[in-house]
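Undergrad: With the hints as extra help, turn the sequences into a complete structure.
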Amino acid sequence: MAAAVSIQGLTKTYLDVWTKTEIRAVDNLSLEVEEGEVFGFLGRNGAGKTTTIKMLLGLIFPTLGSANVLGKPIGDIGVKSQISYLPEEAYFYEGMTGWDTMDFYARLFRISEPKRSERIKQCLNDVFLDEQAWRRPIRGYSKGMRQRIGIAQALINDPKLLFLDEPTSGLDPIAHAELREIIVNVGRQGKTVFLSSHQLPDVELTCSRVAIIHRGKLLTTGKTQDLTSGDMVEITFSGGDGALVEKLKAAGADCEKKNGASRIPSVAPSKVNDIVDLIRGAKGSVTAIVPHRRTLEEVFVDTVMKAGAN
Amino acid sequence: MVTLAIAKQTLEDMLRRKILLILLIVAVAMIALGPSVGFLSPRESSAVLRSLGLAVILLAGLLITVLTGIQVIPTEIERRTVYTVLSKPVQRYEFVLGKFLGGLFTVFVMIASMGIVFIGVLRYQEGHFATEMIQGIMMTFFQMTLLGALAIFFSTFATPVVNFFLSFGLFIVGNMSAVTESLLNNKNVATRVIAGAVHYAIPNFGNFNIQNKLIHPQVVIKDMNVFIMQNIAYALIYSAVLLLLAIIVFDRREV
Amino acid sequence: MQSSTRRNLILPLFALTVVLQVRIDPTVADMNKGRKTPFAGLSTEFILGPLLGLQQAVAGLLWVRADEFFHEGDYDAILPMVRMVTWLDPHNLDVYITGAWHLAYNFTDSSERSDRRYIPAAQKLLEEGDANNPGVYDIAFELGWQNTDKIKDYERAHYWYKKCAEERKGMDERGELTKPVPMFVWHQLAHSLARLGRIDECIAVWRKALMMSNELVRQDPKDYSRRNVRDSERHNLELTLKRKFSRYTHEIDWELDSKRSQGVDPVTGEPRPRDSYLFLNTAEIQRKAEQYRLAGEPVPPMAIGQPRPPAIEPRWETSFDVRPTFTADKVLELKGRFNVGDGARVTIRLHDETWRPPQLKAFTFDINQDVTLMQDQHSVRQGTWGRKIDMSKDPKMYSFKAPHYFLVFEFDPRGTSPFVHDRFGWSGEGMTDKKYLWEEKEKNPPNRILRKVYRITRAQVLRRAPITEADVFPTAKYVELQRSAAPAAE
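Protein chains in written order, with this note's numbering: chain A, 1 to 310; chain B, 311 to 565; chain C, 566 to 1055.
Treat each hint with caution, since some may be false.
Unchecked claim - Computed, partial: chain B to chain C, Cβ under 10 Å:
#1 Leu364
#2 Leu369
#3 Ala468
#4 Asn496
#5 Val499
#6 Tyr510
#7 Ala511
#8 Asn514
#9 Gly516
#10 Lys523
#11 Lys532
#12 Val536
#13 Ile547
#14 Asp561
#15 Arg563
If you're looking for bench data, these hints aren't it; they were derived computationally from the structure. For glycine and all other residues, C-beta sits at the position ideal for the given N, C-alpha and C.
TA: Here's what the structure looks like:
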């Protein structure tokens, strides 16, 4: 599969006018996003996510490095008709109605009538925007409606690649869930989605691959599944004679007792058979062997904390 | 088409601004109340009425132009709407041109409205259509075209507040063309050089002031039409220079 | 468009704007002739306006304010406003005219004597206005009028009226300079020639005016104002002719004239009076007839009448004299004799020895407050005249800072009334005076005036010493001094 986005050594530095120090917003970032995948781009506030996206869109210019978007160097105007962008906290022309806003953006894509009206209708329906709201000025829209319009305008050109910057921040739970649903749908249509977020549960649910960025540097990247799948298993058992605890300790498995049930929180997969044998040899009965699965949040916190410690 | 779409959106956006609407209402009210000032001799009263009308149009046009010119691009950046526009297949020059044209359409609508009221008031007061006033109003519009281009140019790198003073300042200096022109014959070489630089480099807003001719009929301008055409050409070409500069700066601008 | 193309376009386009600017400049300079942008002394709202190119509007508002000051009697406040308004808007004719009128007439001492130190400024303001508005007759006419009425400089008055009548135009309803000047300009030109004693030229102007008015009446016979103008011209022409002949030769036979006015004007339907004269001899008749032919008019009937000596013969001894005394500090009392009809006016002038009629290079209302210049007039009644002139109440106007002064008493026949002219002629041909006759031979025709000059000291003004006939100063020397350059300040 070809790369939808390919970043090589992208660096963006700013000069702090007051302290005369150089701030590296993005530091030697290299990354590949495959076509058709929903890619999660994770990082804390100020990690450099938005800066990276803006560079990819040609809104700001890299200090060093290069990147290709849909096979073309960044800033290529032809590529822009195949991509789209929903900025963080998207703002609109408040006085315009939803429909006029869509019409305006459609014109920027040089989509002419009658195709334009068709596209607008379809996109507004795709994001489940209430038809009565189409002719109302955006001034009166709720936050959820604004984000819907934001996504709709990002879909107007039927893009191959979408950049979504924090699309779900600040939404109430229902709107949040609906928007997540919309993104999943977009992904199902075979479009590439570059999703920047720190809403980790969302990313975990929607993205097939993620990258974690911290202070402008790429910390890790990989399939969501690989990152969250743990190495250790947890074993719980009941019974067992008095010497079992000591034997287990000798085998490297600390065990804790609670309400008559014993638990070994962390066992390396290679040792699972030995431990089970020990328990069974001591008349104990194994009640559960559960592989550890970390949440993306745990992975994220771990990775970032580790990076912070360095 | 993209440029026009941006211009149309800008015009609609500006026309929704309350401040411009209030300016327009105040200006129209002042023009309509103009006849009540004329208590002097008929000749003077006519001159006062005409000069006040043209002055109100110029002053309101000036505020509208500067407020529009300094705002159209920075507002886009401040409201982050520029991200959604420039991430689409829109060239940066199309964006700058669209914003400029949108602002210009706004100024045109405002000046035309005031002009119609003004000529209507004169018709009511003097009994005939003072068609020659159209020349004055038209000159004001082209003067504002140039000022708008200047404000757009500054807005590509200066904050609106700085831009406000820059644009106003240059408008004032550019209005003193009579002073700088007379200094071109100064005995002091340094004065001549500085005056020349100011006179030819700074947009010469004073050129467009033909109120004199319109208010005092005894003032004769040789080849009035040629003069007007020269001024329009000056406004358009100088605006083109400013817009090219604006585009060059905006091309490198990070938004 | 490539960005390099854009960059390469900038310089040529900019050069084009410079070329355009060079072409625009002369027209703008022409249009703004006389305009200045003053910054000092204006309040903020009035500064902002001119800076933004709203000169005319600000000038209009300032002038409205000046009008209010005028009605409040605050004349001092008006002058700077006049200066501002004319700088901001050099084409507002009324401002120059009204401003100059203020300067020349409205600054007075407590006895309503004008402060004549402002007159050069008034003249300069009008000249500036005329230069800024060439082609319009209004300001040139005002210059003529001020020189006639206030300054009594009939040479200057004639200069401006002639310029006004021959080179200027009036505005039509649309405000364009297409109309000939009003007929009253020609009338004033004729009057100014009479004041200069150039009677034949005066008559020629009346004739010319009459011909023009006849044409105007022919164009619109129903316009009664045109007819009135025409009639007054005819009256003035006849009166001037009558006066000329009665004063210098002999009278017109008015009886004959009325007998001959039987023709009917085919255009107006009015009886047509004719010029008919009695002459001393056939040579005069032929000369007169030639004048008619030259003017392209039918020659009226003429006849030889009874000879009668001209009214100005023989010359009349006026016995002009005056005794000035300071009866209190700066209070001058005059007792004069003048053997002339009641109503003739004597001019009294007191000024610093070094004072000269100033030649202003540019208009300014900053006058030298240290200069003392007093001028007054007094009418003769039954051969005597006299007046008390109190200069003690107005130290600003009469500072008496100079050590020496000239006190001048003058009678100029050119400024006097027709009944005095009847005896003395327009240029004083019919008068003489044993002591104080002064012939202004440099004028054409020469003028005969009466003038007595004293040179007095500051001490005499302050009554430290009396004025005696020993202080009388030769007129010839006085005239010479007045023509010379002013000495450096003492």
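Undergrad: Which of the stated hints cannot be reconciled with the structure, identified by number in ascending sequence?
TA: 3, 4, 5 and 15
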